[in-house]
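Participant: Below, each chain spelled out in residue letters.
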Amino acid sequence: EPEVTQTPSHQVTQMGQEVILRCVPISNHLYFYWYRQILGQKVEFLVSFYNNEISEKSEIFDDQFSVERPDGSNFTLKIRSTKLEDSAMYFCASRGQGPGANVLTFGAGSRLTVL
Amino acid sequence: RKEVEQDPGPFNVPEGATVAFNCTYSNSASQSFFWYRQDCRKEPKLLMSVYSSGNEDGRFTAQLNRASQYISLLIRDSKLSDSATYLCVVREPGGGADGLTFGKGTHLIIQP
Chain X
269 EPEVTQTPSH QVTQMGQEVI LRCVPISNHL YFYWYRQILG QKVEFLVSFY NNEISEKSEI
329 FDDQFSVERP DGSNFTLKIR STKLEDSAMY FCASRGQGPG ANVLTFGAGS RLTVL
Chain E
8 RKEVEQDPGP FNVPEGATVA FNCTYSNSAS QSFFWYRQDC RKEPKLLMSV YSSGNEDGRF
68 TAQLNRASQY ISLLIRDSKL SDSATYLCVV REPGGGADGL TFGKGTHLII QP
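Chains X and E, in that order, are what the protein sequence lines are. The opening position of the first sequence corresponds to residue 269 in the numbering used here, with each subsequent residue numbered one higher. The opening position of the second sequence corresponds to residue 8 in the numbering used here, with each subsequent residue numbered one higher.
So that you can see chain E by itself, here it is in the shape it has in the complex (with noise of 0.2 angstroms):
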């Protein structure tokens, strides 16, 4: 069964903060990650896609370890507009699972 665990948060921090949360995937043959931000009854949309060397895109960066089988977002100097559902979403190869596995969201309230 395919599973990726986030901690639901809420993580409560102030603005200017910097903030980190993970996700761990279940299925050792996952090699698509991403990072989904999701605004209250919103449509997902794409944060950043995590790749294995990590990447850093502004504020945020993402890094993958696959020993451990958990990908990160890090988000620094944070600001009243990332107050949102953060995604973390997965995709097994071609051949298996077409579709995303989606974490349930860690919610994160940036605080004035």
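This is chain X alone, in the form it adopts within the complex (with noise of 0.2 angstroms):
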């Protein structure tokens, strides 16, 4: 079954460094997805990708956030310098389009930990 991966599965960076994390989304899929999941509470919609360029964003996705699709197979996000409330679980996800493509697919998730 295609998957969608996810590295790394886990980084400890100090505060105020820069992050990146990575996704490989399914390889036919055309919306691509970050989510975040702080120890113990609900998923939050960070950001949308299609065709290139950033659909919506969340209050979350401040100027500290970027994303990125340099190679048409890896779908980054880019935390440019850290704070300790970056410590979460950040989940790519990727759909396709057509019947039945309402469905999103979610990696195994990157957790960020920041001291």
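Think of the hints as simulated: they come from the structure by calculation, not from any bench. A few of these clues could be false.
As the list claims (entries may be wrong) - Subject to a maximum C-alpha distance of 27 angstroms in a straight line, what follows is the list of computed DSS-like cross-link-like pairs (lysine-lysine):
1) E/Lys49 / X/Lys310
2) E/Lys86 / X/Lys325
3) E/Lys86 / E/Lys111
4) X/Lys310 / E/Lys111
5) X/Lys310 / E/Lys52
6) X/Lys310 / E/Lys86
7) X/Lys325 / E/Lys49
8) E/Lys49 / E/Lys86
9) X/Lys346 / E/Lys111
10) X/Lys346 / E/Lys86
11) E/Lys49 / X/Lys351
12) E/Lys86 / X/Lys351
13) X/Lys325 / E/Lys111
Starting from two chains that each stand alone, build the complex the way the hints lay out.
Facilitator: This is the structure we're talking about:
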């Protein structure tokens, strides 16, 4: 079964450092997403991406965050200067287009710990 | 403000019992509804989409009540492996929120 893969599975970083989380969506999918989940809290939408541009972003997705699809397969989330409150699980998701494409497939997540 | 509300539980249920929980949503324009399942420290996985007429998948039944703006999930003959957090998920129609709005989840514990 096709899957969304994410790396790294866990990253520990110092406050103020830049972090890049990587995702490889399912190959024929066209819509890409980043979500985050702070421990014990709900899954929160960060950003959606389609046709090489951001289609929507939440209020969480401020100027410290950026996304990129540099090579047609990877989809990255960059946090420019990490804060303690950025510690969370970050999930990448993707979906296709057409009938039955209403459903998101999530990757296993990247756990970010900011010290 | 978009809100999806769920009873966080936990629901402690003996194996073999039937359990049901609801979720309410605030945006009456919402058109896509889902139940996802999330195991501890894992990613959400789609359990089932929720259709207007209600739908069933094995032991799981989902219902949508548009008038009262809630969806429900019924699990029959519960198994130990059903222990998880069940996430109510909503998306507004295209042109608005492209991303999904998640509830906080209902924690279900099936006891032997």
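Participant: Holds or violated: E/Lys86 and E/Lys111, Cα atoms, limit 27 angstroms.
Facilitator: holds, 23 angstroms
Participant: Between the alpha carbons of E/Lys49 and X/Lys351, is the straight-line distance 27 angstroms or under?
Facilitator: Measuring from Cα to Cα gives roughly 23 angstroms; hence the hint holds.
Participant: Is E/Lys86 within 27 angstroms of X/Lys325, Cα to Cα?
Facilitator: violated, 39 angstroms
Participant: Compare the distance between the alpha carbons of X/Lys310 and E/Lys52 with 27 angstroms, and conclude whether the hinted pair is satisfied.
Facilitator: Since the Cα atoms of X/Lys310 and E/Lys52 sit roughly 14 angstroms apart, the hinted pair holds (cutoff 27 angstroms).
Participant: Take a quick look at whether E/Lys49 and X/Lys310 sit within 27 angstroms of each other, Cα to Cα.
Facilitator: Status holds; Cα separation ~13 angstroms.
Participant: Verify the proposed pairing of X/Lys325 with E/Lys111, using a straight-line Cα cut of 27 angstroms.
Facilitator: holds, 20 angstroms
Participant: If you draw a straight line from the CA of X/Lys346 to the CA of E/Lys86, is it 27 angstroms or shorter?
Facilitator: With Cα atoms ~41 angstroms apart, X/Lys346 and E/Lys86 exceed 27 angstroms; violated.
Participant: What's the verdict on X/Lys325 and E/Lys49, does the C-alpha distance respect the 27 angstroms limit or exceed it?
Facilitator: holds, 24 angstroms
Participant: Run the distance test for X/Lys310 versus E/Lys86: straight-line Cα separation, threshold 27 angstroms.
Facilitator: holds, 25 angstroms
Participant: CA of E/Lys86 to CA of X/Lys351, is that 27 angstroms or under?
Facilitator: Since the Cα atoms of E/Lys86 and X/Lys351 sit roughly 41 angstroms apart, the hinted pair is violated (cutoff 27 angstroms).
Participant: Does E/Lys86 lie within 27 angstroms of E/Lys49 when you go C-alpha to C-alpha?
Facilitator: holds, 19 angstroms
Participant: Mind checking the alpha carbons of X/Lys346 and E/Lys111 for me, to see if they're no more than 27 angstroms apart?
Facilitator: holds, 26 angstroms
Taken one by one, the earlier hints fail for this structure at numbers 2, 10, 12, listed in ascending order.
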